[in-house]
Amino acid sequence: MKRILVVEDEAHLAKGLRFNLEAEGYAVEIAETGERALELLKKPDAFDAVVLDIMLPAKDGFAVASEVRAAGNYVPILMLTARGRPEDVLKGFEAGTDDYLPKPFELSILIARIGGLLRRKEWSSTANGAKPDAAQVFTFDGKVFDFQQLQLRTGGETHQLTLMEAELLRYLIQNRGRPVPRKDILADVWNLHADTDTRAIDSFIVRLRRYIEREPTEPRHLITVRGVGYRFEPEPKD
Amino acid sequence: MRITSRAKAIAFFITLGAIVLGLAIALNVTWIVLHVRQIGTLVLGIIFFAVIIAGVVVTTVFLVREIRRNEQQDSFLNAVTHELKTPVASIRMYLETLERRPLDDTQRREFYRIMLEDTDRLVGTIEQVLKAGEVRHGTDRRDWQQVDFGKLVTDAVELARLRHHLGAGALRMSGPHNGDITVRGNPEELRTAVANLIDNAVKYSQPERDITVELATPDIDNVVMSVHDRGIGIPPTELKRIFKRFYRVPGKWRQVKGTGLGLFIVRSIARRHGGDVSAASEGEGHGSTFSIRLPRVYRV
Chain V
90 MKRILVVEDE AHLAKGLRFN LEAEGYAVEI AETGERALEL LKKPDAFDAV VLDIMLPAKD
150 GFAVASEVRA AGNYVPILML TARGRPEDVL KGFEAGTDDY LPKPFELSIL IARIGGLLRR
210 KEWSSTANGA KPDAAQVFTF DGKVFDFQQL QLRTGGETHQ LTLMEAELLR YLIQNRGRPV
270 PRKDILADVW NLHADTDTRA IDSFIVRLRR YIEREPTEPR HLITVRGVGY RFEPEPKD
Chain B
-1 MRITSRAKAI AFFITLGAIV LGLAIALNVT WIVLHVRQIG TLVLGIIFFA VIIAGVVVTT
59 VFLVREIRRN EQQDSFLNAV THELKTPVAS IRMYLETLER RPLDDTQRRE FYRIMLEDTD
119 RLVGTIEQVL KAGEVRHGTD RRDWQQVDFG KLVTDAVELA RLRHHLGAGA LRMSGPHNGD
179 ITVRGNPEEL RTAVANLIDN AVKYSQPERD ITVELATPDI DNVVMSVHDR GIGIPPTELK
239 RIFKRFYRVP GKWRQVKGTG LGLFIVRSIA RRHGGDVSAA SEGEGHGSTF SIRLPRVYRV
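Protein chains in written order, with the numbering used here: chain V, 90 to 327; chain B, -1 to 298.
None of these hints come from the bench; they were simulated from the model. Bear in mind that the values here come from a model prediction, so they are computed numbers and not experimental data. Check each hint, because a few of them may be wrong.
For lysine to aspartate or glutamate, the following EDC-like pairs were computed, each having C-alpha atoms within a straight-line distance of at most 20 Å [as the list claims (entries may be wrong)]:
1) B:K83 x V:E195
2) V:K104 x B:D118
3) B:K83 x V:E304
4) V:K148 x V:E195
5) V:K104 x B:E97
6) V:K232 x V:D149
7) B:K83 x V:E324
8) B:K201 x V:E304
9) B:K201 x V:E156
10) B:K255 x V:E121
11) V:K104 x B:E186
12) B:K255 x B:D274
13) B:K201 x B:E156
14) V:K232 x V:E195
15) V:K232 x V:E304
16) B:K255 x V:E195
17) B:K255 x V:E322
18) B:K250 x V:E304
19) B:K149 x B:E125
20) B:K83 x V:D98
21) V:K104 x B:E236
22) B:K250 x V:E307
23) V:K232 x V:E307
24) B:K255 x V:E307
25) V:K210 x V:D277
26) B:K250 x V:D273
27) B:K250 x V:D277
28) B:K83 x V:E121
29) V:K148 x B:E115
30) V:K104 x B:D197
31) V:K104 x B:E108
32) B:K83 x V:E124
33) V:K104 x B:E156
34) V:K131 x V:E113
Footprint (simulated), chain V over chain B, 3 or more residues, beta carbon under 8 Å [what the hints assert, rightly or not]:
35) 158 to 164
36) 220 to 231
Virtual Cβ for every residue (Gly too), placed ideally from N, Cα, C.
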């Protein structure tokens, strides 16, 4: 049974979320504060996904996400935000969350999103990736991206990627050599449509560049295509 | 995080203002030294420089005030968005649950109760926002009437007991309320002021409630209603600020949800009725006492 941690201080919302997620067959635990959530997330494999409210009383959702990632826990995180402003989404993604849903949300969409995160996690952790062209590892320019472990090995270093960092890299690898529009990335990787600020992707690109590029400010693999989006070059010519 | 970056932005502008001001003063002094013998130019120059300095001071003060105001409005918008969207999100989720899942009678009744509570919360927030707009303009004093303040407070206490499911022990009332305390004003506004203070005491003293509402007549001209709770208390530095519009005490006090309008409404109402409101607390964790003073009138 998949375990989901719901971090929500509003008792009514927490109760309703628990009821519905349990009805979907998940085991649910509630944390009313960010501090409690961090305590529960100390064990890396304690949960399969986290539903994280942003406006928490003391330690907010952004801080919780950053601390969870800093502690080396890469559990998929879906953030819920009441404000739904583009800068909140950006901030959430920068903090290391994988997906977001503005409040008030549609129950079926929430359940579908959680299902999506869990499925992706499953794809990444099964030896033979269920996605058609998802090879287990991809080697480029002396670097190895392991789809299964969500790891990027460069030289002697190993970087652990979050689920959505890995998904984005996988998508760019699938489309290697051609420019991919930001809107397509949002739609295909995150299932987010028109109304989302496309800058949301940029923070993920910045993080990926830090892992992949020798000089993140002068990228050779993850190239910005002005006015369009990004292009992934596995073996740059220069 | 955002507050820190804002504070940095304000600090930058204040520093910039101070540097420009310092430069202007230095230039002024140099001007005086250089033109000390040419009286006409000297006087003209001093006047111009004085105008420039005054301009810089006024602009800096204005800028800082605007930044503070923006900050407060921003935090108010956040609070109101949260206060509006959270109950709507909850109601929607329970409606969808009722629609798509088989539920037994007890569960259904429980979900209806939750939705009703969320509706109350929503109505409460909407009313606070509307009232805050109203109190700034004020109501027509010609509609004022003599109000039996003792009865008004007793009714408010009973209503609060009912709304917050409190026993007589958790919310007590003391002092004279036998119909001989009369004030003049708008009964609806006075009810709002009294209810806001009682609701605050309930909100900020969870989970153990021990609230006393006391009516007193310290002199023949005034009546004072005090609401005393044994809740989380208020730091001494915050006792005055809490009555400002949109202001909310930072830190753990924000765990209690609110818009930052309640006490502002109370103070506006009290002052318009010729009275005032004050807060006292021995500090964090020691509870607090809010007192609203109103001028008494005597029936003729």
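Each hint tested on the structure:
1. Restraint check for B:K83 and V:E195: the C-alpha separation of about 13 Å stays at or below 20 Å, so the hint holds.
2. Proposed proximity of V:K104 and B:D118 is supported: the alpha carbons are some 18 Å apart, at most 20 Å.
3. About 44 Å separates the Cα atoms of B:K83 and V:E304, which puts this hinted pair outside 20 Å; it is violated.
4. Proposed proximity of V:K148 and V:E195 is contradicted: the alpha carbons are some 26 Å apart, above 20 Å.
5. Distance check on the hinted pair: V:K104 and B:E97 sit about 17 Å apart at the alpha-carbon level, within 20 Å; holds.
6. A C-alpha spacing of about 36 Å is found between V:K232 and V:D149, which places the hinted pair above 20 Å, so the restraint is violated.
7. Note on B:K83 and V:E324: the hinted pairing is violated, with a Cα-Cα distance of about 49 Å set against a maximum of 20 Å.
8. For the proposed pair B:K201 and V:E304, the alpha carbon gap of about 54 Å is over 20 Å, so the pair is violated.
9. A distance of roughly 31 Å separates the Cα atoms of B:K201 and V:E156; the hinted pair therefore is violated under the 20 Å criterion.
10. As the CA atoms of B:K255 and V:E121 are separated by approximately 14 Å, the hinted pair is consistent with the 20 Å bound.
11. Restraint check: the Cα-Cα separation between V:K104 and B:E186 comes to about 36 Å, which exceeds 20 Å; the hinted pair is violated.
12. In summary, the hint linking B:K255 to B:D274 is not supported, as the alpha carbons are separated by about 25 Å, beyond the 20 Å threshold.
13. For the hint pairing B:K201 with B:E156, the CA-to-CA distance comes to about 16 Å; that is within 20 Å, so the pair holds.
14. Proposed proximity of V:K232 and V:E195 is contradicted: the alpha carbons are some 41 Å apart, above 20 Å.
15. Under the criterion of a C-alpha separation no larger than 20 Å, the hint pairing V:K232 with V:E304 is consistent with the structure, at around 15 Å.
16. Taking the CA atoms of B:K255 and V:E195, the gap is about 24 Å. The hint is violated against a cut of 20 Å.
17. In summary, the hint linking B:K255 to V:E322 is not supported, as the alpha carbons are separated by about 50 Å, beyond the 20 Å threshold.
18. This hinted pair does not check out: B:K250 and V:E304 have alpha carbons roughly 43 Å apart, beyond 20 Å.
19. With a C-alpha separation of about 23 Å, the suggested pair B:K149 and B:E125 falls outside the 20 Å cut-off, and the hint is violated.
20. At roughly 14 Å between alpha-carbon atoms, B:K83 and V:D98 fall within 20 Å of each other, so this suggested pair holds.
21. For the hint pairing V:K104 with B:E236, the CA-to-CA distance comes to about 34 Å; that exceeds 20 Å, so the pair is violated.
22. As the CA atoms of B:K250 and V:E307 are separated by approximately 44 Å, the hinted pair breaks the 20 Å bound.
23. As the CA atoms of V:K232 and V:E307 are separated by approximately 17 Å, the hinted pair is consistent with the 20 Å bound.
24. Distance hint between B:K255 and V:E307 is unfulfilled; the C-alpha atoms sit about 47 Å from each other, more than 20 Å.
25. Between V:K210 and V:D277 the alpha-carbon distance is near 16 Å, which keeps this suggested pair within the 20 Å criterion.
26. Only pairs whose Cα atoms come within 20 Å are accepted, and B:K250 paired with V:D273 is rejected, the gap being roughly 42 Å.
27. As the CA atoms of B:K250 and V:D277 are separated by approximately 41 Å, the hinted pair breaks the 20 Å bound.
28. Restraint check for B:K83 and V:E121: satisfied, since their Cα atoms lie roughly 18 Å apart, inside the 20 Å limit.
29. Taken as a hint, the V:K148 and B:E115 pair is broken in the structure, with Cα atoms around 26 Å apart against an allowance of 20 Å.
30. For the proposed pair V:K104 and B:D197, the alpha carbon gap of about 24 Å is over 20 Å, so the pair is violated.
31. Simply put, V:K104 and B:E108 have alpha-carbon atoms about 11 Å apart, close enough for the 20 Å limit, and the pair holds.
32. Between the alpha carbons of B:K83 and V:E124 the distance comes to roughly 24 Å, so the proposed pair goes past 20 Å and is violated.
33. Distance check on the hinted pair: V:K104 and B:E156 sit about 30 Å apart at the alpha-carbon level, beyond 20 Å; violated.
34. For a cut-off of 20 Å, the pair hint linking V:K131 to V:E113 is broken: about 26 Å separates their Cα positions.
35. Given a C-beta distance limit of less than 8 Å, the hint that chain V covers the stretch 158 to 164 of chain B is violated, as 0 residues qualify and 3 are needed.
36. Counting residues of the stretch 220 to 231 of chain B whose CB lies closer than 8 Å to any CB of chain V gives 0, which falls below the minimum of 3, so the coverage claim is violated.
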